[in-house]
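**Q** These are the residues of each chain, in order.
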Amino acid sequence: MLSTEQPLTRTPLPLAATVPQPLPARSRRRLPLGFLLVGGILLVIVIATLGAPWLAHHDPNQQVLTARLQTPSSLYPLGTDHLGRDLLARVLYGGRSSLLLSALAVLLAAGIGVAIGALAGRVGGLFDEVTMRLVDVLIVFPSLVVALVIAALLEPSFGALLLALTITGWTIYARLARALTLDVLARPFIEAAVAAGVSEGRLLLRHVLPNISGPLLATSFLRFGHTLLTVAGLSYLGVGVQPPTPDWGAMLAEAQPYMQRLPLLLIAPALLIFLTALAVTLIGQRLTAYFDPRQR
Amino acid sequence: MQRDLLRRLVSLPLVLLLTSVVIFLLPYLTGIDPTLSIIRARIGERTIDPAAVAQLRSELGLDRNLAGQYILWVSDIVQGNLGFSFVSRAPVDEILRRGLGVTARLTVTTLTLALLLALPLGILAAQRPGSWLDTLVTVGCQAGVAIPQYVLAPLFILLFALWLGWLPSAGWRGPTFMVLPVLTLLPAPFAYFTQATRAALLDVFNADYMRTARAKGLRRPILLYRHALRNALIPVATLVTLWLAGLLGGSVIVEVIFAVPGLGRILYDAVISGDLPLLQAGLLLLVGLAIVISTLTDLLYLLLNPAMRLSQSR
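Just so you know, the protein sequences line up as chains A and B, in that order. So the first sequence is residues 72 to 367, counted in the numbering used here. So the second sequence is residues 6 to 319, counted in the numbering used here.
Derived from the structure by calculation, the hints contain no laboratory data. Do not rely on the hints blindly, as some may be mistaken.
Pulled a few chain A residues facing chain B out of the computed Cβ check, cut under 7 Å [stated by the list, open to error]:
1. Glu200
2. Thr202
3. Arg204
4. Val208
5. Leu219
6. Val220
7. Leu300
8. Leu335
Computed footprint of chain A on chain B, listed as stretches where at least three residues anywhere in the stretch have a Cβ under 8 Å from a Cβ of chain A [as the list claims (entries may be wrong)]:
9. 11-21
10. 98-108
For glycine and all other residues, C-beta sits at the position ideal for the given N, C-alpha and C.
All chains should be modelled from the sequences, with the hints used to inform the complete structure.
**A** Here is the structure:
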């Protein structure tokens, strides 16, 4: 029959997290297994990319032209690519650029977006109006196109990619932070803080920010997954991480002419991109649900 | 809400102005010299006569100051004169119109299919939250979101074009050429629509009026289709319009992989070859589409949601 197990709480916006309350019994039972599994996958991938020098015995850029397109063997656990480079080493090292770039881009976008969003929520007026309309349009604008234009027209580099990802990433944070800030600002303890003569900066940093950080953290996981897919997409299109630096997205593009002969060349980086994005997204969704009182 | 819309109508021109200035400044931000690009496109790698450069600069109006150039640029666009591509020398508006047609066909087909598949699945999952079907749908949706197009596309080409030989791997010469691009675009919107349908239905099921309807003893189909679904579809409808905007410009990867001559492919080529008139006009077109669609989304929301219509201000 129809679900009646959830309480009839209906709030207009996701409230900022107050004290985290224990999850209801059903969710609590479900949490550990799936969550641990997903978190474990992510941890293994991150550790494997960080520990690449110890896990792979070959240099990811060392070409052995006599050993091109080899199937897995004891010498090359995953085989070699079209230039005779060890696939295992490339797959492991290839995660570093993508993961680091995504993490930095999400941090930068979060910092800028939250600052603008919280300020818009507090100041209001024309600043609020113009920034939010800009956000409205930029959010609808396909972010890959913007990133493509920026990354391609500047010389492809780590900095250009970071800039492109930050410019396309801050809008979601701005919108979310503004909504959450407005929500927190309406609460009595803000009134008390203002009455006590707290400065504007302190009010935002010490009173508002801690109270909106939960949902922002959850969003950051979702954005990390999204950013990772964009980074790999840009590298796939040839405007991201440049060869010979190993990168998952670029490896997919390189593997394409040889995929019929050696599908593993395609499948290995594809699987890693997919698993990482999936794990991060699942964690993000779980956290979103955790911080959203409607879904408790 | 009506005041909201009014305010939006006032501030949208501001956004348009801001984005158009950024697009106008692209050549200056990136250091591509349009005169050199044009001459290179015409004469290839031969040595360039400085006098010819100067003459072309004044012909193009590039010897004026920035504000003058911007006004010239905007008035040209307003009159429908978008210029000519540096590379193919065809009129830009013609190139874009053809590309938009192709992409629109791809986008509409994908979204229609996604919606037709997502609605029944979302409804099924929402009726028994926590069941194995619901769990399967939820996890499947996560996978659909996490699997990128540039992973799916090569796999599909490998399977359907190279191994099975059923479908063409790339090109745009008939209906069969649309199958693989659509299949590649499909999973993400399908996953989002299914999730949205499920979440919205679960939300509605808990509303007071639904409890009343249940208490009246209405039969389940009537309860579901006449009472719950009508309200639950509001967020789904707005999501569909957002995806419309996203796919019209955002199917770059699919169009590049499958050699589809759509808008995304045109923009990609313009970026790679530094074809400024085409790139600027294409970006402006996307901004226009984004503004129109985000405004339409709000209007649609207003139209579908009686509560929003009744309250004078939000």
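**Q** Starting from the hint list further up, note which numbers the structure goes against and sort them upward.
**A** The structure conflicts with hints 2, 8 and 10, although it agrees with all the remaining ones.
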